[in-house]
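**Student:** In case you want the letters, here they are:
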Amino acid sequence: MEEFPKMEKYTLIITEKPDAAERMAKALDYKGKPEKVEEDGVPYFLAQRDQKLVLVPALGHLYTVVHERGRRNYYPVFNFKWAPRYSAERGAKETRKWIEVFSRLASNADGFIAACDYDLEGSLIGYCLLKYACGGKETVAKRMKFSTLTKEELEKAYEEPLPQLDFALIEAGRARHEVDWLYGVNLSRALTLAASRWSGKYATLSTGRVQGPTLKFLVGREKEIRSFVPTPYWSISAKVEIRGSTYEVEYETETFEKRVDADAVVEACRGKPAKIESIESRKIQQNPPIPFDLGKLQTEAYSLFGYTPRQTSNIAQRLYLEALISYPRTSSQKLPPIINYAAILRALSKEASYSKLASELLEKGQLKPVEGEKDDPAHPAIYPTGNLPERELSPPEKKIWDLVVRRFMAVFGEPAIRQSMRVCIRVDGHRFYLRGRRMLKDGWTRFYKPYIRAEEVLLPTIQEGEEVQMKRVGREDKFTKPPPRYNPSSLLQKMDEEGIGTKATRADIIETLYSRGYVAEERIMVTDLGFDIADILSKHCPRVVSVKFTRELEEKMDRIQTNSEERESVLIEAVHQLKPVLEEFREREETVGQALSKAIKKARMQERIIGDCPNCKTGKLMILYSRKTRKRFIGCTNYFKSLCTTSFPLPQKGTAKPAQRNCKGCEWPLVYVRTRGRRPWMLCFNPNCPLKEERRKRVEMQGLREGS
Amino acid sequence: MKCKVCEREAEGDYCELHEKAYRNIVKEYDVWKKASDVSWKQYLSEIAKNPFTGLWAKEVAESLLSQTK
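Chains as they are written, first to last, in this note's numbering: chain A, 1 to 708; chain B, 1 to 69.
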């Protein structure tokens with residue numbers, strides 16, 4: 001290893017990511033112009049303050065839990081250690097250079113400060129680097145604690161650091177990684193080995209401590225949907241005409257279980273005179289919303305913009321790194337006065353679109369936010385720092401920032417007052433209701449306006465006893481609907497309610513379920529493989545998919561943070577629980593392997609299905625291979641039953657897979673073709689597709705033009 | 001025994017998954033009968049073509065219909 005150039009002693013500040021290091025260096029350097037140094041592609045920053053500072057970024061986790069010794073293809077494994085990621089993961093080669101730079105810089109430092117994000121992961125990243133890369137400096141290092149990357153807060157965190165690392169947080173972080181490793185490695189190996197020993201083919205299968213119970217929720221819902229039988233019911237639809245305008249009205253009984261009863265109402269009311277019997281009006285006070293924690297922000301962003309929880313989390317993280325919002329991975333729904341509401345509003349008022357609203361709040365004098373119940377000892381709820389963007393934000397970043405800003409302003413607003421009206425219309429002994437609503441006082445909604453979804457329904461001026469005209473009375477035939485499918489946002493909420501996973505990991509767990517092929521589609525549908533995995537786990541190791549057990553383990557790990565539980569005892573319990581499960585699994589490995597192999601084979605077949613056969617209408621078109629020539633083509637599954645001989649040629653080079661969408665010209669399913677050196681393209685294999693005809697004519701015309 | 005619909009292992013006529021759907025079909029027939037006085041066969045055809053019927057329930061209804069033909 002080459003020797004790091006000697007220089008005067010300095011304090012080494014460890015940050016979590018390069019962006020954070022740069023921002024921190026700018027904030028701490030007395031001129032605001034730190035020197036950027038790059039060594040082996042690893043950037044770090046030299047800043048001058050009361051002493052020389054060297055700020056080095058990590059790349060997230062540089063250390064991970066690994067099997068202490070032994071082969072990869074067996075289980076159970078309970079002996080583990082912490083090791084550099086480059087020694088354990090194929091894609092983490094780059095981390096070697098980073099660790100080496102840390103080690104070299106540490107050798108000449110006389111002070112150490114951990115300045116990673118103040119949470120489980122951040123504390124653990126700093127601890128591992130200090131312990132392993134800096135040669136046991138975790139006991140002497142100080143800790144900077146901050147919730148935003150603004151200059152003021154970073155300076156304060158540097159001037160008043162915690163005297164030592166937060167070891168309770170670190171122990172809790174270590175326990176989580178170690179318990180997750182024990183579960184993930186053992187169960188995933190058990191599944192993968194069972195399948196490959198039986199079939200002789202390798203396929204990566206995985207499950208984990210939180211992944212298993214999450215898949216179980218989804219399977220439970222999918223079973224309800226797939227075995228759902230709708231039942232009929234009826235309702236009355238009616239319209240009334242008042243002063244030339246038509247309004248929808250509701251019948252007093254919402255649903256009828258028998259069609260004859262609904263028919264009787266229609267018969268009794270059709271063509272009969274109607275009179276306004278009563279007008280009721282009431283005022284409803286709507287309090288401001290509570291500040292965003294990460295879960296609430298993810299839910300709101302999904303419902304307003306369709307961003308998945310992971311996308312929102314990533315965007316919020318970027319905004320945090322640019323010091324535009326506070327630390328987003330928080331469970332808190334509280335905004336303590338220490339963040340200085342007025343200063344933030346004053347800063348926001350410099351932005352034209354917030355100027356009027358922010359000034360209005362500042363004029364109120366006393367600012368008191370509405371808050372939720374949840375708290376987080378490490379960070380407040382998500383709030384804008386007051387800094388304005390230094391660059392043009394991307395549209396998604398702009399949307400999330402605007403949402404956070406407007407929500408922050410809304411929590412200081414007055415309650416909104418709505419008026420709700422119910423007009424009762426009597427027709428021959430039957431009652432219909434006309435409903436209206438309007439805003440009397442917009443209060444906090446003025447600050448949150450683009451994101452308010454309630455519409456106003458204004459009613460005309462009417463009086464009791466007035467006669468009106470029923471325009472239409474009819475029966476509506478309806479059916480009960482199956483329960484809705486989860487989407488990434490509602491699943492995240494469910495995980496939160498059930499207390500499994502952490503705010504930092506839930507979104508990733510959902511993505512893993514997609515990437516393993518256990519679920520598909522935005523409205524989450526469990527695949528056959530997902531069903532089989534959940535079924536096998538429920539039968540052979542029910543404890544690992546038990547929500548109750550997972551929640552209990554989560555609670556124990558949380559208690560480590562408050563020093564009311566020890567990491568060692570949680571680990572011992574995890575091993576104690578896991579051991580019999582794995583032993584039992586091994587005994588049934590052959591049965592499980594057979595079931596898994598079938599499931600994988602079925603899933604691979606499913607992946608090749610392109611769509612319904614346009615000729616026989618009952619078979620499925622799929623990508624097949626000729627036994628004789630080994631060439632691929634599209635054929636109908638009914639060919640094997642001698643019912644359909646439909647087939648279409650496919651390009652032989654590159655890869656071809658179902659595109660999961662249909663041709664715009666003929667509605668036939670498309671095939672996605674990828675060939676080396678060419679852009680991927682969509683193939684419509686319908687020889688009579690009108691788009692092909694158009695293209696042919698275009699080419700012909702072009703040829704004629706060129707010829708003439 | 002094999003499930004009449006999907007050929008998975010079954011203790012009776014249906015596997016565990018289709019059995020649940022079958023039980024739902026039998027249970028909901030009472031509601032349909034009370035509501036609009038349909039016969040068992042009419043009921044099965046109705047639910048087999050209803051867009052809200054779950055996949056497994058549809059498969060069981062179609063299998064039952066083919067037996068009644």
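Treat the hints as calculated values from the structure; they're not laboratory data.
Just so it is clear, CB atoms sit at the ideal spot from N, CA and C, and this is done for glycine as well.
Misleading hints may appear alongside valid ones.
Residues of chain B clear of chain A, computed beta-carbon distances all greater than 10 Å [as the list claims (entries may be wrong)]:
no.	residue
1	Met1
2	Lys2
3	Ala10
4	Glu11
5	Ala21
6	Glu28
7	Lys34
8	Ser39
9	Ser45
10	Asn50
11	Gln67
12	Thr68
Below, in silico cross-link-like pairs of lysine to any residue (SDA-like), each with a Cα-Cα straight-line distance of 20 Å or less [claimed, not checked]:
no.	chain 1	residue 1	chain 2	residue 2
13	B	Lys34	A	Lys617
14	B	Lys20	A	Thr231
15	A	Lys478	B	Ser63
16	A	Lys239	A	Arg431
17	B	Lys20	A	Asp535
18	A	Lys481	B	Glu9
19	A	Lys258	B	Lys33
20	A	Lys272	A	Cys424
21	A	Lys617	B	Ser63
22	A	Lys52	A	Glu160
23	A	Lys478	B	Lys20
24	A	Lys602	B	Phe52
25	A	Lys364	A	Arg346
26	A	Lys481	B	Lys33
27	B	Lys27	A	Pro482
**Student:** All hints are to be evaluated individually against the structure, with a verdict given for each.
**Tutor:** So, going through the hints one by one against the coordinates:
1. Against the 10 Å criterion, Met1 (chain B) stays outside the reach of chain A, whose nearest CB is about 17 Å from its own CB.
2. With a minimum CB-CB distance of about 14 Å to chain A, Lys2 (chain B) clears the 10 Å threshold, and the non-interface call stands.
3. Under the 10 Å C-beta cut-off, the non-interface status given to Ala10 (chain B) relative to chain A holds; the minimum distance is some 14 Å.
4. With a cut of 10 Å on Cβ distances, Glu11 (chain B) stays outside the contact zone with chain A, its closest approach being about 15 Å.
5. The non-interface label for Ala21 (chain B) is inconsistent with chain A: the shortest C-beta to C-beta separation is roughly 4 Å, within 10 Å.
6. A Cβ of chain A approaches the Cβ of Glu28 (chain B) within 10 Å, the least distance being about 4 Å, so the stated non-interface status is violated.
7. A beta-carbon of chain A comes within 10 Å of the beta-carbon of Lys34 (chain B); the shortest separation is about 7 Å.
8. For Ser39 (chain B), the condition that its CB be more than 10 Å from all CB atoms of chain A holds, with the nearest at approximately 15 Å.
9. At roughly 13 Å, the least C-beta separation between Ser45 (chain B) and chain A is larger than 10 Å, which holds for a residue marked as non-interface.
10. Chain A draws Asn50 (chain B) into its interface by the beta-carbon criterion, the shortest separation being 5 Å against a cut-off of 10 Å.
11. For Gln67 (chain B), the non-interface assignment is confirmed: its Cβ lies about 18 Å from the closest Cβ of chain A, beyond the 10 Å cut-off.
12. Every beta carbon of chain A lies more than 10 Å from that of Thr68 (chain B), the smallest distance being close to 17 Å; the non-interface claim holds.
13. For the suggested pair Lys34 (chain B) and Lys617 (chain A), the alpha carbons sit about 36 Å apart, so the restraint of at most 20 Å is broken.
14. At roughly 17 Å between alpha-carbon atoms, Lys20 (chain B) and Thr231 (chain A) fall within 20 Å of each other, so this suggested pair holds.
15. Of the supplied pair hints, the one linking Lys478 (chain A) and Ser63 (chain B) is violated, its CA atoms being roughly 25 Å apart against a limit of 20 Å.
16. Proximity of Lys239 (chain A) to Arg431 (chain A) is assessed by CA-CA distance (about 13 Å); at most 20 Å being required, the pair is judged to hold.
17. Taken as a hint, the Lys20 (chain B) and Asp535 (chain A) pair is honoured in the structure, with Cα atoms around 15 Å apart against an allowance of 20 Å.
18. Between Lys481 (chain A) and Glu9 (chain B) the CA atoms are separated by roughly 30 Å; this puts the pair beyond 20 Å, and the hint is violated.
19. Among the hinted pairs, Lys258 (chain A) with Lys33 (chain B) is consistent with the structure: their alpha-carbon atoms are about 10 Å apart, no more than 20 Å.
20. Between Lys272 (chain A) and Cys424 (chain A), the direct Cα distance comes to roughly 16 Å. Compliance with the 20 Å bound is thereby established for this hinted pair.
21. A threshold of 20 Å between alpha carbons decides the hint, and for Lys617 (chain A) with Ser63 (chain B) the separation of about 19 Å falls inside it, so the pair holds.
22. Restraint check for Lys52 (chain A) and Glu160 (chain A): satisfied, since their Cα atoms lie roughly 17 Å apart, inside the 20 Å limit.
23. Straight-line distance between C-alpha atoms of Lys478 (chain A) and Lys20 (chain B) comes to about 24 Å, which puts the hinted pair past the 20 Å bound.
24. A distance of roughly 26 Å separates the Cα atoms of Lys602 (chain A) and Phe52 (chain B); the hinted pair therefore is violated under the 20 Å criterion.
25. For the hint linking Lys364 (chain A) to Arg346 (chain A), the alpha-carbon distance of about 13 Å falls within 20 Å, and the restraint holds.
26. Note on Lys481 (chain A) and Lys33 (chain B): the hinted pairing holds, with a Cα-Cα distance of about 19 Å set against a maximum of 20 Å.
27. At most 20 Å may separate the alpha-carbon atoms for a hinted pair to count; Lys27 (chain B) and Pro482 (chain A) meet this at roughly 15 Å.
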